[in-house]
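2 protein chains.
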Amino acid sequence: MQRKIIPDVTQKSVVISLAPNDTATMAAKIMKEKNIAAILVTGKSGKLDGIVTERDLTRRVMAQGLNPDETTLKKIMTKDPDTLAPADSAGEALELMRTRSFRHLPIVENGLPVAMVSIRDLYSVMKSDLEHEIRETEAFVFGDRYSA
Amino acid sequence: MQRKIIPDVTQKSVVISLAPNDTATMAAKIMKEKNIAAILVTGKSGKLDGIVTERDLTRRVMAQGLNPDETTLKKIMTKDPDTLAPADSAGEALELMRTRSFRHLPIVENGLPVAMVSIRDLYSVMKSDLEHEIRETEAFVFGDRYSA
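Top line first, the protein sequences correspond to chains A and B.
Adding 1318 to a residue's 1-based position in the first sequence gives its number in the working numbering.
Adding 1318 to a residue's 1-based position in the second sequence gives its number in the working numbering.
If you are wondering where the hints come from, they were derived from the structure by calculation, not from laboratory data.
Incorrect hints may appear among the rest.
Since the list gives no way to pick out one identical chain from another, each pair is judged satisfied if it fits inside one copy or across any two copies.
[Unchecked claim] Below, simulated DSS-like cross-link-like pairs (lysine-lysine); rule was C-alpha separation at most 25 Å, straight line:
id : residue 1 : residue 2
1  : K1445     : K1350
2  : K1322     : K1350
3  : K1445     : K1397
4  : K1445     : K1365
5  : K1347     : K1322
6  : K1393     : K1350
7  : K1393     : K1347
8  : K1350     : K1397
9  : K1445     : K1322
10 : K1347     : K1392
11 : K1322     : K1393
12 : K1322     : K1365
13 : K1393     : K1330
14 : K1350     : K1392
15 : K1362     : K1397
16 : K1397     : K1352
17 : K1392     : K1322
18 : K1393     : K1352
Based on the provided sequences and hints, a complete structural model is requested.
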């Protein structure tokens, strides 16, 4: 079965985002408050400008000795990040994230972010699919669903 | 097949660690330099005292408005973290990390850390095992290895 990002892995939701001129400290506070590891950066039109992760805050702010109260997200974000479409396949998305070392990707529809998906979400779906596939194959082998 | 953390998932290695009185800034710099997301904190005897992750630097330092040059790891580390033994099963370790939301766990042997394992490492091993299992079952069903 071909799983799609929406609705099989996640749903459209209110996407948590900050503006390009917001600060690293604000991003850290919201990540903590919302228990998330990445936050989208959107412009005035709501269009996706970039993404900032815990890793960016660690490596591009703290490791550089920058003051997070004075460091804006537009300086540290990954601009124009890779995105997924709602109808993309979960399996291909997982492989993309695994090979390119992304843990989070925004889902974009008609130019606007409608959800964020994590490699953890995709892993859960893929694991249950693989286990289902094994059970189905075993059921066929051992004949509890088909006559011998 | 029952995979073990060592040697099936990772090997013993020089474990990167800092001391309890080292600072958050030092941890961020080393994480960036070594391209790692978590660092062990060890005492004088080399014994494991704690672990500090990018998430801890984000939530326990930056989100709190603390100065990372003056914040010691002993204040922000997770003390006495869960650990794995070299002979622990990879599958159980993956489930433990998934359900408890750990992305990294130290491997401890005779009281001393000998490696660090990430959920990504474990996922790779488990994925290849599951795929292997499916192929084996299919080979049995479709008879390219056993006579009908």
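Open item on the list: Under the constraints set out in the numbered hints, which ones does this structure not fulfil?
Closed with: Hint check: 1, 2, 3, 4, 5, 11, 13 and 17 fail, others pass.
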